[in-house]
Amino acid sequence: MELATITAVPFGLALFLASPLARNSLSKPLQTRLSSLVMTALFAWLLSAYPHLARTGAIAQSFDWMPSLGISLSFYLDGLSLLFALIITGIGALIFFYAGYYFDEADEHNRFMIWLSAFAGAMLAVVLSGNVLLMFVAWELTSVTSFALIGFKGATDAEAREGAFKALFVTGAGALALIIGLVMLSVAAGQILYPEEGIRFVADIDLILQAKSLHEHEWFVLFAILIMLGGFTKSAQFPFHFWLPGAMSAPTPASAYLHSATMVKAGIYLFARLSPVMYQNELWTSSLQTIGLVTMLVGSYFAVKQTDLKGLLAYSTVGKLGAITALIGLPDQSGLKAAFVAIIAHAFYKSALFLVAGTIDHATGTRAIEGLGGLRDKLPVMFWVTVISALSMAGLPFLLGFVAKETLLDAMLHYTAPWTQLAMLMVVLSSMFTAMAAFMLIYDVFLKPPRGRRHFHELSPWIGLGPALLALGSLSLGFLVQPLIVPLLEVATPKPFELHLFAGFNEVFLLSLAILFGGLLLFFIRKKLIQLITFPISGDAIYREFITYLEWAGTTVLHTQSGFVRYYLVIILGAVAAVLIASGTLSTLTAGQQLFPSDLSVTITDLAKIFMLFLTVAAGMLTVVVREHVKAAIAYGVIGYAIGVIFLIEHAPDVALVQLLVETMATVLIIIMLGRIRAGVRLRVINSLWTERRNYNLGFLRDLGISVLIGVAVFVFSLIALQNRPLRHSIAEWHLENAATVNTDDVVGAIVADFRGTDTLLEIGVFTTAALGLLTLLARGRQPGSSLAPLVAPVASSSEFDARVVEEIQDATSLSTPFTRSVSFVVLPIAILIGIAQVLYGGNGPGDGFTAGVTIGLAVSLWYVVLGYQEAKALLPWFRPELIIRLGLLIATVNAIFPVFVGQGFMGHIEFDQALGIYDLVGSFGLHVTSSLIFEIAIAITVMGGLGIIIEAIAYPTDRTQETIRSTDPA
Amino acid sequence: MIELLFALSIGTLFGIGVFQLLRRDLIKAAIGFAILFSAINLFFVAVGAFEGEFAPYVSNVEAGRQTSDPLIQALILTAIVVSFGSFSLLLGFVNIISRRYDTIDSDDTNRLKH
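Top line first, the protein sequences correspond to chains A and B. To get our numbering, take the position in the first sequence, counting from 1, and add 71. With the first letter of the second sequence counted as 1, position 43 gets the number 37 in our numbering; the numbers rise by one all the way through.
No lab work stands behind these hints: they were computed from the structure. There's no promise every hint is true.
Taking lysine to any residue pairs in the SDA-like style, the calculated list, with each CA pair at most 20 Å apart, reads [said to hold, decoys possible]:
| # | chain 1 | residue 1 | chain 2 | residue 2 |
| --- | --- | --- | --- | --- |
| 1 | A | Lys224 | A | Ile296 |
| 2 | A | Lys680 | B | Ser53 |
| 3 | A | Lys566 | A | Thr127 |
| 4 | A | Lys680 | B | Gly58 |
| 5 | A | Lys376 | A | Tyr121 |
| 6 | A | Lys99 | A | Phe223 |
| 7 | A | Lys566 | A | Lys99 |
| 8 | A | Lys702 | A | Leu760 |
| 9 | A | Lys680 | B | Thr61 |
| 10 | A | Lys680 | B | Glu56 |
| 11 | A | Lys598 | A | Glu441 |
| 12 | A | Lys702 | A | Thr659 |
| 13 | A | Lys566 | A | Tyr121 |
| 14 | A | Lys680 | B | Leu83 |
| 15 | A | Lys680 | B | Ile34 |
| 16 | A | Lys702 | B | Glu45 |
| 17 | A | Lys449 | A | Pro520 |
| 18 | A | Lys283 | A | Ile296 |
| 19 | A | Lys283 | A | Asp149 |
| 20 | A | Lys680 | B | Phe38 |
| 21 | A | Lys680 | B | Asp102 |
| 22 | A | Lys680 | B | Tyr95 |
| 23 | A | Lys566 | A | Asp149 |
| 24 | A | Lys680 | B | Asp101 |
With the Cβ distance kept under 7 Å, some of the chain A side facing chain B (calculated, not the full set) [unchecked claim]:
| # | residue |
| --- | --- |
| 25 | Lys449 |
| 26 | Val458 |
| 27 | Arg637 |
| 28 | Leu657 |
| 29 | Val673 |
| 30 | Phe786 |
| 31 | Ser789 |
| 32 | Val818 |
| 33 | Glu834 |
| 34 | Gly844 |
| 35 | Leu845 |
We put the beta carbon where it would ideally sit given N, CA and C, even for glycine.
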């Protein structure tokens, strides 16, 4: 029984459905059946844990996560989690099946299934996590997936966007409160369980549940309120309930699953989960009761006022959630049994009703109750599903809903508080409204004579299977209370209890009947009743006001914005400079420091360094004063080379090599890019900035001031850092001593590929991301009509400038002479050989995966410079960067994960040659086949692929450069 | 002495980078950005903890020779490649801007607001 696996399976399903394999070659029905089958299997798997739970009470499994903080990746299954997990997987299986016949478009269906399975995984993680922090992460994941599902049609539907945002906003705000509350709770639990140990973080649920005196903790009020805020927002309790009706823009299967059966019950799960340590506090119980009862009444009343079918179901869900919250808040946990029965009953009837609503919407194209009617003959299965489910909702004997209603009334009747009478009145009233809503569902939707003829969309008969099974559950589970429900609740509730289908003709039964008749009565006078009461204020109105103010504030702030990017930089950097001066940071730093060295002697190597430093500064100045961009780029290249030489003098051969190669690459890239920008554009900026010099002097002085200030600050900072560096007392000592253990001579290589391998892994990830970002950016810019496409049609305006100047500035990339061509042909194979040598023998000398990748990339870029995009692409058919990059990342990832399976940990060091017995064989070539070598190969391949993507993206010929070339070339 | 000159060069390069970053000419600004990267790498190599006389190789260590600081070199090594990645992304931005707005004068691209 691996709880982690159970949680991971739906995520795996989502990934599988998102893979090209499933999207392209798995048909819609197959995807449907597969996902439904997976959920069924999980259901069965969870159910098989029952006997174990009945014996031991709970299963806890734990993996180390952040052991230093006492946080583990732990999972916990007890009766409570089992109840919720069974609902999630069981109802899930039916809903996944239903969704297969809900969507007509295969693409939409696939996208929906992906999100829905991701949600199922997140929801399972909420109820199965054994650690409140993990639970919180999963909690947020359910909000995110819910956002995607509510906004599923967001591309075309503004209401869906608004609903999705509203839901995320409310539940997200609640989650902020929740995380603070949970952290405080964990610290408090730590203080109680380990009083002798300062601050200790106890986040594991089984430990928290042992902290029985939590309700007496001094922080209790604070964290109880914060946690309740999280639960109330998630479970749509008044006054945060308004997001739930807004969430009805989701496709109906999602509404049925998330916003009725599972996600909205996450808050309730949280309350029930913490109830054993919280219930002894008055604040906790009375808040849950009050908010729950008010929500119950408001929700069930608003339900009957709705004109939209899903709106009715949404508000009625709000009402039911309120009732369950109130039950959990009853003193002494006496309402838990009733709450759980209500959760089960509600999951069955409400999901079924939602699915019916979805079917009706799909078939008739409307959900307005007013426009429906007469559907009994057209949708006979749906009609009977509705009859059973709605009557279960109303509490008709002897359906499942009846058991729920009886236990609810029973719990409320035994609850004694000063205001029991009032609470009872609220329960009865809201139950009557619920019964009324049930009758409306049956009569107004199915029986009432229809108004006019409407379009009717034929449906697959399979669509009825899910709702029918759910209705069957509502119908039969009432009779199966003893064999099925009682054992499940026995492990979930803390105390022994009794539960019967029919407890006799007692006052509860009479009350139930009275409620049914009351509901029927209300149903007959519904037209008048609905106009009777209006609610003066709603949470939705407050939310709208808030958003309006937020937008107003946004527009107001916008007035202060110039929109000139450069001025923002001026303000930011100017502020940095001003703060540096005003705060006296510089003088604090320099206080007591001997800034200027007394010893002015220089050695011979110092002279070389000084020359190179001079070169960097001089070239830096040059980039400022030259006008032409090409010259500035070359001056920049000089800075890079000079720094490379400094690295060499400082005994850093690896770094020097990378620096020289990368700077060459960067300079080449600037020059290629200059060729892609229309010459007229570049000339215009040079003319307007250098010749006309508008606003030149003032801005020049301002920028000069800012850069001098920042430069001085950096100077002082580096000087102090340089004079106070911890000579020979650093972690580097350890690396020098231990490099021999990973079989490399080059310590830098050992650090990159081994000691700090995870860093490097992430870094090639960053590099790849940058390359892909560039690719998408430029590809999008080429798409006509996209948000990055040219705004104005290109003008062949080069005639406004001297043709000679244009030609001079035009194309630094047209270098295709016989000589350069032959050079580039020769250079590539040599570069590949050098690259291979660097990877294989990098362990014993300068060079490693990075240099190998850049070397080959550089040679390829030479082709692009010399031959141009088309020809280079045609001549290098094997150079497919998009495939190369995938290969590299794949090798790197597999190589990183593989050691885990042989007990070495992530990115562990493995000597493959030793393991395979070829140590001597490869050793005779001077090789060591280790995981670091494979990692170096992966780095080389990834960097090469990334560079290839960058070169291809930047060198891609654009219409505009073509056009400019034509316009300047008279031939 | 050499520390002073290093610090002076780093400070000057940083100042030049900031100055270039503030230019209206976007290509100059991009080059300024790259100069900032160079200045930072220079700083890192300068603050390496060891006054080494030899490259950091195990064979040198075993021979009892004073090597330069390997850790900081490894950090610079990856930093160089990553900064190149972000620099190329920056060049991509300049390229896109030049085609979308038909200018590389940053003052003509004040559509951020709209």
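Verification of the supplied hints:
1. Lys224(A) x Ile296(A): violated, 36 Å
2. Lys680(A) x Ser53(B): violated, 26 Å
3. Lys566(A) x Thr127(A): holds, 16 Å
4. Lys680(A) x Gly58(B): The given pair, whose Cα atoms are some 25 Å apart, is violated under the 20 Å limit.
5. Lys376(A) x Tyr121(A): violated, 43 Å
6. Lys99(A) x Phe223(A): Holds, at about 18 Å.
7. Lys566(A) x Lys99(A): violated, 47 Å
8. Lys702(A) x Leu760(A): holds, 16 Å
9. Lys680(A) x Thr61(B): holds, 18 Å
10. Lys680(A) x Glu56(B): violated, 28 Å
11. Lys598(A) x Glu441(A): Judged against 20 Å, a Cα distance of about 12 Å means the pair holds.
12. Lys702(A) x Thr659(A): Not OK: Lys702(A) and Thr659(A) at ~41 Å, beyond 20 Å, violated.
13. Lys566(A) x Tyr121(A): It holds: about 18 Å lies between the C-alpha atoms, which stays within 20 Å.
14. Lys680(A) x Leu83(B): violated, 32 Å
15. Lys680(A) x Ile34(B): holds, 17 Å
16. Lys702(A) x Glu45(B): violated, 36 Å
17. Lys449(A) x Pro520(A): holds, 13 Å
18. Lys283(A) x Ile296(A): holds, 18 Å
19. Lys283(A) x Asp149(A): holds, 18 Å
20. Lys680(A) x Phe38(B): holds, 15 Å
21. Lys680(A) x Asp102(B): violated, 42 Å
22. Lys680(A) x Tyr95(B): violated, 44 Å
23. Lys566(A) x Asp149(A): holds, 14 Å
24. Lys680(A) x Asp101(B): violated, 40 Å
25. Lys449: violated, 52 Å
26. Val458: Interface hint status for Val458(A): violated (57 Å vs cutoff 7 Å).
27. Arg637: holds, 5 Å
28. Leu657: Leu657(A) check fails; min Cβ-Cβ to chain B is 12 Å, beyond 7 Å.
29. Val673: holds, 6 Å
30. Phe786: Hint holds; Phe786(A) Cβ to chain B Cβ min 3 Å, cut 7 Å.
31. Ser789: holds, 4 Å
32. Val818: holds, 4 Å
33. Glu834: With Cβ-Cβ at 4 Å, under 7 Å, it holds.
34. Gly844: holds, 5 Å
35. Leu845: holds, 4 Å
Against the hints set out earlier in the document, violations occur for numbers 1, 2, 4, 5, 7, 10, 12, 14, 16, 21, 22, 24, 25, 26 and 28.
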